[in-house]
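Protein chains: 2
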Amino acid sequence: MKFTMNRSFLQNKLATILTAIDSKVINPIFSGVKIVAKATSLFLTASNGNISIELEIPSADKDAELIIQEEGGLVLPARFFNSIVNKLPQQEVVVEQMSNQQVAISSGSALFHLNSHSANDYPQLPKVSQESILEIPVHLLEELISETTFAASKQETRPILTGVHFVLKDGIFKAVATDSHRLSQRILPMDTKDTEFDIVLPAKSLTELSKTFRNKDEFITISMTDNQALFKTERISFYTRLLEGNYPDTDRLIPKEFITSAVFDSHYLNAAIARASLLAEKATSNIVKMQITAQRIVLSSQSPEIGYVEEELECRDVTGEDLTISFNPMYVQQALQAFKGEEVKIQFISPVRPFTITPLNEKPLIELITPVRTN
Amino acid sequence: MKFTMNRSFLQNKLATILTAIDSKVINPIFSGVKIVAKATSLFLTASNGNISIELEIPSADKDAELIIQEEGGLVLPARFFNSIVNKLPQQEVVVEQMSNQQVAISSGSALFHLNSHSANDYPQLPKVSQESILEIPVHLLEELISETTFAASKQETRPILTGVHFVLKDGIFKAVATDSHRLSQRILPMDTKDTEFDIVLPAKSLTELSKTFRNKDEFITISMTDNQALFKTERISFYTRLLEGNYPDTDRLIPKEFITSAVFDSHYLNAAIARASLLAEKATSNIVKMQITAQRIVLSSQSPEIGYVEEELECRDVTGEDLTISFNPMYVQQALQAFKGEEVKIQFISPVRPFTITPLNEKPLIELITPVRTN
Chain A
1 MKFTMNRSFL
11 QNKLATILTA
21 IDSKVINPIF
31 SGVKIVAKAT
41 SLFLTASNGN
51 ISIELEIPSA
61 DKDAELIIQE
71 EGGLVLPARF
81 FNSIVNKLPQ
91 QEVVVEQMSN
101 QQVAISSGSA
111 LFHLNSHSAN
121 DYPQLPKVSQ
131 ESILEIPVHL
141 LEELISETTF
151 AASKQETRPI
161 LTGVHFVLKD
171 GIFKAVATDS
181 HRLSQRILPM
191 DTKDTEFDIV
201 LPAKSLTELS
211 KTFRNKDEFI
221 TISMTDNQAL
231 FKTERISFYT
241 RLLEGNYPDT
251 DRLIPKEFIT
261 SAVFDSHYLN
271 AAIARASLLA
281 EKATSNIVKM
291 QITAQRIVLS
301 SQSPEIGYVE
311 EELECRDVTG
321 EDLTISFNPM
331 YVQQALQAFK
341 GEEVKIQFIS
351 PVRPFTITPL
361 NEKPLIELIT
371 PVRTN
Chain B
1 MKFTMNRSFL
11 QNKLATILTA
21 IDSKVINPIF
31 SGVKIVAKAT
41 SLFLTASNGN
51 ISIELEIPSA
61 DKDAELIIQE
71 EGGLVLPARF
81 FNSIVNKLPQ
91 QEVVVEQMSN
101 QQVAISSGSA
111 LFHLNSHSAN
121 DYPQLPKVSQ
131 ESILEIPVHL
141 LEELISETTF
151 AASKQETRPI
161 LTGVHFVLKD
171 GIFKAVATDS
181 HRLSQRILPM
191 DTKDTEFDIV
201 LPAKSLTELS
211 KTFRNKDEFI
221 TISMTDNQAL
231 FKTERISFYT
241 RLLEGNYPDT
251 DRLIPKEFIT
261 SAVFDSHYLN
271 AAIARASLLA
281 EKATSNIVKM
291 QITAQRIVLS
301 SQSPEIGYVE
311 EELECRDVTG
321 EDLTISFNPM
331 YVQQALQAFK
341 GEEVKIQFIS
351 PVRPFTITPL
361 NEKPLIELIT
371 PVRTN
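Residue numbers (full-length UniProt numbering), protein chains in the order written: chain A, 1 to 375; chain B, 1 to 375.
So that you can see chain A by itself, here it is in the shape it has in the complex:
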């Protein structure tokens, strides 16, 4: 194997696939990046066993300045190869397999010899049916991921809740995540009526997925088997395992009727909650209280050791019964971030029942938060 290419281009592509590499790998082969040179393309593959990314660099891509001098494949230590490429002195880099299981990487007067592994030692990528079952724009998939993954559980006590539930049925694509204290659901109406799926993707994989696809204008195809999903654009294939088990029925958790509601600017409310939660940081329980009356809404919090804080909130369209409710400010702050400064409506049933945050615009996004019971 021998090829010459542009250093900055290679650096950029390595950064993308390194997303898949964990510092704590179980199988040492996963600390490597597989490089395969074929007649007209170079292929880079990285994996941590849970997710795998394969990236194609065609020699037709002018920016790559890629010349395949000899076909072949091998596995290089990923972090070292990446650090080396980052620090090479010239823009031209030559990678060449030597006879003795070593790979020469040269640029200008700098010459590295790295010990390599055989490409045959690298695990095969999963076989996922290439029959396309859903195609959506990258930017929409990203939006959906950023609106839901934060609500997935970080605890492994109920592993299924560390995932995000993706359901396609009757032309409705629904993504929902809950850690049993809060829930976030986004719906996308789709054109396809004849395909269906019901899978649970690890929230961690979705976060990595978001970092992988950088061209926001591209379309991405989602296909899957029983235990794997493949997200694919023209040059990037992102594989992730699925979570096994049944995701709880979350539809029944979403209330339909409310007794109190108010409208806020989501940025402003987020900042006010950040202020109110400043003193709560050190308290045994991190709680902010909201008192709603027809006249005014007041946020407050206290910590006997440090002091207390209160602030009358700017809001509009306050309707319904007076209510005092306490909540974990982090849950509300993370939910509000999904609305990016838009106006939101918050609706309450009672001090002990979950309340909902929804955008005033048409977007079918709903955030549900369970309050904290206080005495």
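Some clues are possibly wrong.
Since the list can't tell identical chains apart, any single copy or any two copies may satisfy a pair.
Below 27 angstroms or equal to it, Euclidean Cα-Cα: the simulated DSSO-like pairs (lysine-lysine) are [as the list claims (entries may be wrong)]:
{"#": "1", "residue 1": "Lys2", "residue 2": "Lys24"}
{"#": "2", "residue 1": "Lys289", "residue 2": "Lys87"}
{"#": "3", "residue 1": "Lys256", "residue 2": "Lys211"}
{"#": "4", "residue 1": "Lys340", "residue 2": "Lys87"}
{"#": "5", "residue 1": "Lys345", "residue 2": "Lys87"}
{"#": "6", "residue 1": "Lys256", "residue 2": "Lys289"}
{"#": "7", "residue 1": "Lys204", "residue 2": "Lys174"}
{"#": "8", "residue 1": "Lys193", "residue 2": "Lys169"}
In short, the hints are calculated from the structure, not lab data.
Following the hints, complete the assembly by docking chain B onto the known chain A.
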């Protein structure tokens, strides 16, 4: 005590004095910031017991928008006060002492009450003779600090070596630091012939000192007692304790005669050493080898597990005998950073004697590095 002032201005000043606050304070009073309002100025003081910073904000300073409504003093929890000021909604902030040991901080509709301590509980600042004994520009003091502190020891085995030796004698101001593996010395000729001092300042204090004085055009006055030094500009007083003990005689360590030398661009050499040390990171000893012959200079390094690297260096004016020398690349890289891209001359005596790095320009800066013995 009551005053009103501009939030951004206060935020900026708090950031400066918070430099003095440690997260691991021994005396809990040091987690507080002392605020004293006098007729025409507000004073902020913070300390960690080793260094103390006092900052004056005169009400004459238009940017401060400071109005002293009532004189007085108190101590507020520094981190909380700072977080609150950072997050207040309006540019006007009012701080007012209440009757019940609480302080009200308000801005717009946000109101905080913080528990405070009496200003009398706060330790007095050290009494340091205000007789000025040395005055130098802030930017020059900063340069001197950045050129020496990195070479001070991080180990507490010989506490005196964790400091930087400041000596003023016969009109020569010398700053020198060594951790016994490398040494860095900067000399400044001064106008004053009649004052002398010989002190050792903790390197950590000097690093904090660098962050404190932001107006590079000001002059700074250095005065001292037996165990304290005071660095003072018009509005900022920075106190630090001195290290006790005798600093070793470093003059005798600096060689005068050499057998081999070469001239390099310091930026370029630093990048080449960074490349050579890439594979050394994981080796048991982090060593880079330099082979000097009349024809060429080659840097190399190897790690049996990972591979090897070699690079022929661009250099000029190579003189003297052939030599092969090994060194810890970090020591040379940190030393080279002090030269900011200028050309440097490296001079060697033998593979086992310290070598020196000096700038080609006139600046009296010398870096000394002990090589690693290899077999």
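Measure nothing new, just compare the shortest in-copy and cross-copy C-alpha distances for Lys289 and Lys87 to 27 angstroms and report within, between, both or neither. between (53 angstroms within a copy, 18 angstroms between copies)
Checking Lys256 and Lys289: alpha-carbon separation at most 27 angstroms within a copy, between copies, both or neither? This pair counts as within: shortest intra-copy Cα distance 24 angstroms, inter-copy 73 angstroms.
For Lys193 and Lys169, with the copy left unspecified, which applies at a CA distance of at most 27 angstroms: within, between, both, or neither? within (7 angstroms within a copy, 88 angstroms between copies)
At most 27 angstroms between alpha carbons: which applies to Lys340 and Lys87, within, between, both or neither? between (38 angstroms within a copy, 19 angstroms between copies)
Alpha-carbon proximity context of Lys2 and Lys24, limit 27 angstroms: For Lys2 and Lys24, neither the intra-copy (31 angstroms) nor the inter-copy (55 angstroms) Cα distance is at most 27 angstroms.
How would you label the pair Lys345, Lys87 (within, between, both, or neither) given a Cα cut-off of 27 angstroms? between (51 angstroms within a copy, 24 angstroms between copies)
Indicate which option fits the pair Lys256, Lys211 if close means a Cα-Cα distance not exceeding 27 angstroms: within, between, both or neither. The answer is neither: 35 angstroms in one copy and 56 angstroms across copies each exceed 27 angstroms.
Up to 27 angstroms between alpha-carbons, please classify Lys204 paired with Lys174: within, between, both or neither. within (18 angstroms within a copy, 55 angstroms between copies)
Violated hints, in rising order: 1 and 3; the structure is consistent with all others.
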